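Chemist: Here's the letter readout for the chains.
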Amino acid sequence: MISRLRSQATDTGKLIVDWLEHRAGIVTITEHFLYEPVPKRGAWIYTLGSATLFTITLQFLTGILLLFYYVPTTDHAWDSVNYIMTEAYFGQMIRGIHYWSANFLLVVIGLHMAQVFFSGGYKAPRELNWVVGVVLLLLTIVLAFTGYLLRWDQDGFWASVVGMKIGSYTPFVGGPTINFLLGGDVTGPATLSRFFALHVWLLPAALAPFIGIHLYLLRRHGVFGSEFEYSDRLAKLHERQRLESYEEYESDEGEPYTGRRDRADRNGDEE
Amino acid sequence: MAELQKDPMTRKDFLGFGILGAITGAILTIPPAAFVLGPIIDTDVLGESDVPNGPDDWFEVGSITDLKEEPVAFRVDFPVNQTYGDRAIQEESGLSTEEFVVESAVWVSWSTEILSDGSYGESRRPAFLDNYNGETLSEDQIQEVQGSLNVLSSSCAHLGCPVRWITKEGEGEFLCPCHGGIYNINGEYVGGPPPRGMYAYTSEVREDGKIYVRHEFDSGGDLGPQEPYVI
Chain L
1 MISRLRSQAT DTGKLIVDWL EHRAGIVTIT EHFLYEPVPK RGAWIYTLGS
51 ATLFTITLQF LTGILLLFYY VPTTDHAWDS VNYIMTEAYF GQMIRGIHYW
101 SANFLLVVIG LHMAQVFFSG GYKAPRELNW VVGVVLLLLT IVLAFTGYLL
151 RWDQDGFWAS VVGMKIGSYT PFVGGPTINF LLGGDVTGPA TLSRFFALHV
201 WLLPAALAPF IGIHLYLLRR HGVFGSEFEY SDRLAKLHER QRLESYEEYE
251 SDEGEPYTGR RDRADRNGDE E
Chain P
1 MAELQKDPMT RKDFLGFGIL GAITGAILTI PPAAFVLGPI IDTDVLGESD
51 VPNGPDDWFE VGSITDLKEE PVAFRVDFPV NQTYGDRAIQ EESGLSTEEF
101 VVESAVWVSW STEILSDGSY GESRRPAFLD NYNGETLSED QIQEVQGSLN
151 VLSSSCAHLG CPVRWITKEG EGEFLCPCHG GIYNINGEYV GGPPPRGMYA
201 YTSEVREDGK IYVRHEFDSG GDLGPQEPYV I
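Chains L and P, in that order, are what the protein sequence lines are. In terms of my numbering, the first sequence has 43 at position 43, counting the first letter as 1, and numbering is strictly consecutive. In terms of my numbering, the second sequence has 17 at position 17, counting the first letter as 1, and numbering is strictly consecutive.
Hints are computed from structural coordinates only; laboratory data are not their basis. Bear in mind the structure is a predicted one, so any value in this text is a computation, not a measurement. Positions of the beta carbon are idealized from the N, C-alpha and C atoms, including for glycine. Be aware that a few hints might be false.
[Stated by the list, open to error] Coverage of chain L stretches by chain P, computed from C-beta distances (three or more under 8 Å per stretch; other residues unrestricted):
#1 5-11
#2 44-51
#3 160-173
[Unchecked claim] Pulled from the structure, derived: some chain P residues nowhere near chain L, Cβ distances all over 10 Å:
#4 A34
#5 I40
#6 S49
#7 Q82
#8 G94
#9 A105
#10 R124
#11 H158
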């Protein structure tokens with residue numbers, strides 16, 4: 001009974017996946033995006049990019065949630081954050097995740113960049129991906145800076161004042177940029193509105209397509225080789241998995257299976 | 001080389017596209033750009049300020065009877081015109097009379113002689129103030145008081161943190177909590193990262209013995225201007 005249900009469920013699942021694969025190529029895409037052969041040694045270090053993506057996703061999700069209560073006006077900003085922290089269900093947790101994952105995000109980005117730098121992952125043909133990554137870094141820093149003021153407490157307020165004053169020393173463009181951020185020449189209601197608009201709309205909207213480009217370029221060149229090397233390795237991986245399934249089958253009969261697998265690997269190397 | 005243009009373009013087409021493109025581009029970009037960059041146009045091009053700073057916009061700081069030997073911080077709330085809405089309509093409705101103010105601390109100290117070793121000499125505080133209790137001041141007295149007052153912005157000339165007065169062994173100095181900028185009692189630069197002394201307000205003393213300031217600063221200072229000075 002149970003086994004019949006299980007096989008029925010498997011069949012239905014296969015049917016749905018097949019249907020989706022035929023219409024949208026979903027299996028091919030998933031394989032292409034998820035199966036990346038990595039060296040066995042030190043594989044964890046290649047998760048730093050995914051960790052960055054995960055933290056950014058957390059930012060997007062918790063940020064959307066916070067918007068349900070946050071009010072970007074000078075007389076309500078602090079109160080609404082206080083409400084989130086004290087009254088709203090799980091408010092402390094959701095804002096806490098937004099706050100801490102923002103901190104971790106910058107740490108993880110630093111580690112990610114260090115890994116790419118020291119492994120030489122920025123070299124041709126991946127220079128453009130490094131450039132796009134730096135754009136992402138700058139956008140993230142501006143996001144962190146603009147988010148700081150939104151709390152409208154003493155800490156965030158003065159940190160923003162100091163940050164803007166640092167920016168104001170930039171030759172030629174410093175003054176106008178600061179007046180643009182301030183919405184005039186003093187910190188006031190317009191400043192909060194502008195930081196809110198930047199933090200919640202402009203910068204995330206700018207960030208998203210750059211993340212897309214970053215991932216596209218990553219898959220185009222792969223982490224370890226070109227597109228062709230990548231599909232080559234993927235083909236080898238599939239071949240090995242096929243052979244391993246034979247191996248399982250054959251080992252049931254007590255016959256060790258080594259020869260063919262070795263031969264397959266040797267053939268691959270000779271190409 | 002990658003071939004981007006399969007059909008070669010004639011000069012006429014190119015010019016036509018160029019002119020049409022320029023016009024369309026201008027129509028599409030100028031309104032949103034001006035919309036977003038409005039504060040730059042108002043502040044940097046037209047020279048307007050969010051705080052009223054016309055010749056008649058004086059704000060009361062405090063009375064000279066409140067001054068002590070050490071600098072005293074007065075709180076001044078400068079109204080900020082960044083609120084959206086018509087003031088006349090707001091007043092008529094009576095619903096929202098509140099306006100946003102930028103809370104500023106104004107440090108007022110008596111101008112003091114600085115000796116060659118940096119210690120403080122004689123204060124220039126007028127002698128008649130010893131027996132002064134808020135009577136109407138004469139023209140000469142006003143001149144004397146005005147000439148011996150430092151009316152300073154609390155915003156550090158380095159990065160805008162509010163400075164405070166620190167006393168140690170009888171001597172005092174203005175210290176910025178952020179990066180340790182130090183100024184003497186006259187607001188002049190002593191040490192640390194600031195590029196100049198503290199900003200001084202344009203100020204005046206009136207007959208009733210009260211100090212008034214306008215929301216503008218000396219932009220020169222002893223080490224040149226640092227703009228934008230208002231944050």
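Chemist: A separate judgement is required for each hint: does it hold in the structure or not?
Modeler: Structure-based check of all given hints:
no., hint, in the structure
1, 5-11, "violated (count 0)"
2, 44-51, "violated (count 0)"
3, 160-173, "holds (count 7)"
4, A34, "holds, 12 Å"
5, I40, "violated, 5 Å"
6, S49, "violated, 5 Å"
7, Q82, "violated, 4 Å"
8, G94, "holds, 18 Å"
9, A105, "holds, 13 Å"
10, R124, "holds, 32 Å"
11, H158, "violated, 8 Å"
Figure legend: structure checked against the earlier numbered hints; hints not met, in rising order: 1, 2, 5, 6, 7 and 11.
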